[in-house]
Amino acid sequence: MYLPDDAVRLETYGDMVELLRSPTFYLDTGYEATQPFTKGALFQLDGKEHVARRRVLNKLAQPAALGWHRDEVLVPLVRSTLAEMSKHPDDDGVYRADLPQLVRTLFTSFAGALIGAERALTPEGSRQLFHIFERNEAGFRVKFVYDEAERRRIIDEALAARAEFERDFFEPGLQQARERLAQVEAGELAESDLPPTLIGLIASVAHPDYADRTTAVNECLMLLLGAVDTSSNLIVQELDLLWDWLELYPDERSRLPDRRFLLKVSQETLRLHSAFETMTRWAKEDFTFPSGKTVKAGRPAYGTYIGANSDPAVWGEGLLSFNPDREIPQAVPHYGTSFGGGIRQCLGLRIVLGEKDTAEGASHLDVLRLFLEAGIRPDPERPMELRPDETGHPQSYPVVFTNLAPFASLVEV
Amino acid sequence: MSNQVAVARVPEVPPGSLTACEAAGQPICLVRTDDGEFFAIEDRCSHEAIELSGGDLDGRTVECPLHGSRFDVATGEVLDLPAWLPVKTFPVAVAGDDVLVDIGDG
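Each protein sequence line maps, in turn, to chains A and B. At the far end of the first sequence sits residue 413, using my numbering, and the numbering has no gaps. At the far end of the second sequence sits residue 106, using my numbering, and the numbering has no gaps.
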């Protein structure tokens with residue numbers, strides 16, 4: 001077990017929120033072996049330094065930026081993918097796909113575009129970037145691997161992935177961003193026409209830390225890490241829950257065109273299927289949680305997201321079942337702790353949920369909406385399979401598309 | 001019940017600014033818009049414990065410096081996530097050079 005035996009396990013939503021929010025706790029980011037691909041990234045910063053850098057990164061999640069990525073990247077990408085799919089039915093005329101693979105490909109390209117690595121928008125580039133993502137993610141989680149030789153192998157692969165990313169994605173993206181800045185300088189391009197990307201922020205040194213190459217590359221890798229799996233898993237899980245819901249309540253089908261209903265579906269799905277399993281923080285001083293549990297200075301406390309998100313005091317009856325119309329206390333967000341909390345709350349919250357109430361700009365909802373238009377449904381002959389690891393994320397979910405004809409004539413991007 | 005407290009002097013608060021003040025122990029974010037109008041909101045984001053006075057003002061909208069939540073300075077209403085609860089607003093009056101914030105019962 002990575003945690004020492006005296007680590008305090010938290011069971012309630014209130015305790016977990018304190019763990020995430022209280023300045024008494026800090027995140028241990030000092031795992032030495034991962035430093036070459038994490039050093040300088042936002043999550044390693046604390047206090048005012050974190051706030052200053054996060055403020056710069058927030059620009060990527062502002063409504064205008066989200067709208068740009070929806071209109072210029074994601075929707076055209078999904079449409080062209082569905083159009084391409086419509087050309088290749090199976091021998092029996094059925095259009096089949098593996099949903100996790102399909103959405104990971106789409107969100108790898110989306111993440112690449114958000115980073116500013118346009119090569120990720122090509123099929124080859126998307127495949128390469130996903131392979132980089134997989135090795136980077138394994139490297140990030142290496143502290144949970146106890147076999148020394150295996151740990152070394154994972155770290156070496158993560159380092160190779162980092163070098164590949166810097167050469168094939170970061171460097172060309174940076175050159176392109178600098179050329180665009182030069183065009184703005186020369187009056188050939190309006191500043192408002194610059195794509196809102198992380199590499200764009202880096203090229204303009206929007207924060208002094210971005211002058212440092214290590215920090216800049218690692219910040220991009222962290223964004224890649226956060227942007228691919230969260231949305232991919234969310235779409236797979238929410239479609240799975242939604243199909244079960246519609247089977248139980250067929251009349252609810254009439255609500256599918258309502259984006260606010262889909263937003264409720266997303267938030268309830270996030271509550272039940274957080275992107276991460278546990279959250280650990282270390283106490284700077286003795287601390288008592290709202291439940292009365294205590295942790296000593298210098299010792300860790302941890303909680304599981306699903307534990308916090310299924311606290312009966314907050315979520316009421318049937319807390320482990322899916323109910324998009326669940327009544328929740330006003331002071332609690334429907335998604336619970338699934339985006340973390342405190343100063344490190346996930347930047348992806350606004351990318352996933354979009355604008356307040358309307359969910360405009362919610363990237364995965366645009367994908368979901370187009371999939372529903374294309375008649376997506378589970379393959380009745382093959383069930384979902386979960387990954388055989390601690391994440392429990394979907395590994396395979398065979399689906400069929402029953403209405404690809406409207407997409408067939410679309411011009412590819 | 002009215003409880004007006006002088007929190008600043010008009011010449012010290014430039015248009016288009018956010019100023020951290022205190023009124024009887026209540027942290028206040030004093031807002032002066034580009035057109036010179038004053039507003040007062042509690043100086044704490046409803047989402048996380050951070051001062052809104054450290055954020056950005058755009059018209060009548062203040063953006064939290066941490067996660068980018070945006071609030072209407074006149075109504076306290078949330079305009080952008082991740083905050084979902086409004087911030088408290090306080091009536092403001094100008095008497096001579098004094099900016100007065102009414103914190104009510106506190």
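Do not take every clue at face value.
As the list claims (entries may be wrong) - 30 angstroms max Cα-Cα, derived DSBU-like pairs, lysine-lysine: (1) A/K264 to A/K143; (2) A/K39 to B/K88; (3) B/K88 to A/K59; (4) A/K48 to B/K88; (5) A/K356 to B/K88; (6) A/K356 to A/K296.
Bear in mind the hints are in silico, worked out from the structure with no lab data behind them.
Do the hints match the structure? See the list:
1. A/K264 to A/K143: Roughly 35 angstroms between the alpha carbons, so the hint for A/K264 and A/K143 is violated.
2. A/K39 to B/K88: 39 angstroms, violated
3. B/K88 to A/K59: 26 angstroms, holds
4. A/K48 to B/K88: Distance of about 25 angstroms is within 30 angstroms: holds.
5. A/K356 to B/K88: 19 angstroms, holds
6. A/K356 to A/K296: 39 angstroms, violated
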